[in-house]
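Novice: Sequence:
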Amino acid sequence: MPGGRSSTKNSGKLASQLLFSEALLTSKASYSPLMAQLPVQYHNTLGTAQESTMDRIVQEISGVGRRLEGMDNAMASLTAEAKFIRLDIAGFQSHVQGLEQRVSLVEAHAASSQELLYLRSKVTDLKDRRFAEAIEGDDMHLFLRETLPRLTGITFDPPLEFQRAHRLGLKRPNGSARPRAIRACFLRHTQARQIIERARAYRSCQMDGQEIWITGDFSKDTSECRRAFLALRPRQMEVKYGLFDPARIWVMKNVLSQDFYDPEDLRFFLDGLQSMDTSASLLH
Numbered sequence: 001m002p003g004g005r006s007s008t009k010n011s012g013k014l015a016s017q018l019l020f021s022e023a024l025l026t027s028k029a030s031y032s033p034l035m036a037q038l039p040v041q042y043h044n045t046l047g048t049a050q051e052s053t054m055d056r057i058v059q060e061i062s063g064v065g066r067r068l069e070g071m072d073n074a075m076a077s078l079t080a081e082a083k084f085i086r087l088d089i090a091g092f093q094s095h096v097q098g099l100e101q102r103v104s105l106v107e108a109h110a111a112s113s114q115e116l117l118y119l120r121s122k123v124t125d126l127k128d129r130r131f132a133e134a135i136e137g138d139d140m141h142l143f144l145r146e147t148l149p150r151l152t153g154i155t156f157d158p159p160l161e162f163q164r165a166h167r168l169g170l171k172r173p174n175g176s177a178r179p180r181a182i183r184a185c186f187l188r189h190t191q192a193r194q195i196i197e198r199a200r201a202y203r204s205c206q207m208d209g210q211e212i213w214i215t216g217d218f219s220k221d222t223s224e225c226r227r228a229f230l231a232l233r234p235r236q237m238e239v240k241y242g243l244f245d246p247a248r249i250w251v252m253k254n255v256l257s258q259d260f261y262d263p264e265d266l267r268f269f270l271d272g273l274q275s276m277d278t279s280a281s282l283l284h
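Per UniProt numbering, the sequence shown starts with residue 1, numbered consecutively.
I should point out that these hints are in silico values taken from the structure, not numbers from a laboratory. Check before you lean on any hint, since a few could be wrong.
Said to hold, decoys possible - DSBU-like, lysine-lysine: derived pairs with alpha carbons at most 35 angstroms apart: (1) LYS240 <-> LYS253; (2) LYS171 <-> LYS220; (3) LYS253 <-> LYS220; (4) LYS240 <-> LYS220.
Based on the sequences and whatever the hints tell you, model everything.
Specialist: In structure tokens, the structure reads:
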């Protein structure tokens with residue numbers, strides 16, 4: 001390393017200067033009798049030269065000491081800077097961990113949203129008192145895929161797909177006056193919503209002279225969500241509400257409106273409105 005070579009060079013120079021100083025002292029002691037025999041003027045000249053050389057050596061040694069001290073200070077500064085770098089790295093690692101936690105929360109929220117989306121897609125019941133048993137044959141999915149567009153007048157692209165579809169209740173004999181209703185769970189909630197809205201607009205649907213009612217069938221979780229929305233609704237009488245199938249509530253205050261699919265989100269929103277109203281009343 002450059003610092004190491006410089007330190008070695010300075011140490012060698014210092015050793016050489018010390019040896020030279022010792023040699024001068026030895027030389028001065030050896031020739032002291034001879035110098036005593038020389039004239040006073042020569043003796044003074046040599047003494048002055050030796051003192052000047054010694055002063056210069058002392059100054060150089062002091063300079064080497066100052067340079068070594070400067071190197072120590074530089075090393076201390078580098079050590080402190082390395083410590084700050086380690087702290088920065090630790091801070092970045094903590095920040096990365098925080099980001100990973102946020103990503104985990106987002107993934108969990110996305111999974112929850114997918115679950116809510118699935119609940120909102122549940123389910124559409126087709127009910128008809130004159131709808132003969134076993135008319136669907138062996139393939140209920142194919143029967144509904146062909147029948148629902150005819151009932152509603154909607155062309156579906158992509159075609160309707162179902163997670164499951166079946167009749168409700170115990171099997172009844174063919175020709176029964178009370179055929180069982182059919183329950184279908186759609187893979188795409190938008191298609192289920194289209195069908196329900198069209199059926200609501202038509203009140204009932206006609207197919208081959210038969211009247212068929214299509215209604216939304218709420219799962220247990222969806223029903224509980226609707227009840228939670230209704231329980232929260234009276235808290236803010238000055239706020240306008242609208243509860244829509246299957247479990248969506250529309251809220252409006254002044255010019256601010258928003259849709260909610262989760263009661264906890266609605267509760268948080270209403271708490272914020274209440275805090276704003278309290279602050280406004282205190283200011284006035």
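Novice: It remains to establish, for every hint, whether it holds in the given structure.
Specialist: The hints, checked one at a time:
Taking the CA atoms of LYS240 and LYS253, the gap is about 6 angstroms. The hint holds against a cut of 35 angstroms. Using a Cα cut-off of 35 angstroms, the hinted pair LYS171 and LYS220 holds, with the two alpha carbons roughly 24 angstroms apart. The hinted pair formed by LYS253 and LYS220 meets the criterion: a straight-line CA distance of about 30 angstroms does not exceed 35 angstroms. Taken as a hint, the LYS240 and LYS220 pair is honoured in the structure, with Cα atoms around 26 angstroms apart against an allowance of 35 angstroms.
Taken one by one, the earlier hints all hold for this structure without exception.
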